[in-house]
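*Asks:* Chain by chain, the residues:
There are 2 protein chains.
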Amino acid sequence: MERTQIPETTIHRLPVYLRCLLQAQQDRMPVISSVGIAEMAGTNAAQVRKDLSYLGELGTRGIGYDVEALIEHISKSLGITGLRRVAIVGYGRLGGALKSYTGFSDRGFDIIAVFDADPAKIGTDADGVIIRSTDELETVLAENRVEIVVMATPAGVTQELADRVTGAGIKAILNLAPVRLHVPDGVAVRQVCMSTDLQILSFYLAQDGMK
Amino acid sequence: MERTQIPETTIHRLPVYLRCLLQAQQDRMPVISSVGIAEMAGTNAAQVRKDLSYLGELGTRGIGYDVEALIEHISKSLGITGLRRVAIVGYGRLGGALKSYTGFSDRGFDIIAVFDADPAKIGTDADGVIIRSTDELETVLAENRVEIVVMATPAGVTQELADRVTGAGIKAILNLAPVRLHVPDGVAVRQVCMSTDLQILSFYLAQDGMK
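Chains L and X, in that order, are what the protein sequence lines are. When the letters of the first sequence are read in order and numbered with this note's numbering, they come out as residues 933 to 1143. When the letters of the second sequence are read in order and numbered with this note's numbering, they come out as residues 933 to 1143.
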């Protein structure tokens, strides 16, 4: 299976399609058309058909896609047929907000470890998980067979901690700290940067003002 | 100025270039080459030159870009030469984490209003701003001449509140709630969805596992 051939933009839309299909499943729809998916996902039917064609021969012309089968297929592509084991490094306000967010487990993610450097926090409860010291990063990541690490750390210490995370063999990082991470080849990084999002919105406002 | 002609992918890279240039300015570099920007931004020099060419005739062949002038130029394009006025709707853990994040003002954003529906929170201090009731949404947004609204609300009430936000004339929304917003034409929305980011990371892990 040459999944490396799937365009990045398609990969980024798969989670959106999955969310739409789960909604369709909840609404007890056995079959859905590309037009139906497109409407829910805010795109067009041709795009949906093209994106899904990368996953194989799915759907029946003139009928549509079997909802259950397509959910299973996309979930498999996204590697979330079981729960993925996630750790959060940094239990400040943002880390705390993430840990308490109940939506992750529904989407295939289980936050099983939380780290902080503050002695006052270490050993205390973080919504059902005991906060561990960043000194123990490598051993706790290994013990818990963590697959994805979320960096919710202060900017200044993020690269250093990320180096230890990748050194411990982690291949996927979601970075919420406002720094660009340098990671070894073969490590996937997603950067969440709300300042950047605000600047992009500001661009559109600036355009609007010039009309 | 036909700024509508700038490709969306270029727009999304402008904040990254700006961050690199501010770093160069801090390092007291008067001039920077496209190679220099590319290295800091994690892209290639041809991409940098192409992206910046959309903003006009900038830089001198063989010399590079004047750092100060380019900062000013990109800031103007992004509409952040002054501070943009931002409000947060929903002062839960995520809204609280955002309000306390000091990085926004450095990047051109001033959070001047915070809303919540919880009577226990209304009227109390949120890091220097008094929390207002969502009942007063329209009047407070107008009084404060808010330009961008951040939705940090529970999923179930987000669309309804966003309808009131756009009804009050707001043209830019950063949505942190795990729902896809429907907004009138002419309103720009950026969606932050960390579950989606985790699923994309999971995709790469799944691929890696198949090698």
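No wet-lab data here; the hints were simulated from the structure. You may find that some hints are simply not true.
Copies of one chain are not kept apart here, so a pair can be met inside one copy or by any two copies together.
Distance condition first, Cα-Cα at most 16 Å in a straight line; then the derived EDC-like pairs of lysine to aspartate or glutamate [what the hints assert, rightly or not]: (1) 1053 <-> 1067; (2) 1103 <-> 1117; (3) 1103 <-> 1140; (4) 1103 <-> 1070; (5) 982 <-> 959; (6) 982 <-> 1117; (7) 1103 <-> 1129; (8) 1008 <-> 1140; (9) 1008 <-> 989; (10) 1053 <-> 1068; (11) 982 <-> 940; (12) 982 <-> 1095; (13) 982 <-> 1004.
Fair warning: this is a prediction, and the values are worked out from it, not measured in the lab.
*Asks:* Looking back at the hints listed earlier, which ones does the structure fail to meet?
*Replies:* Per hint list: 5, 6, 12 and 13 violated.
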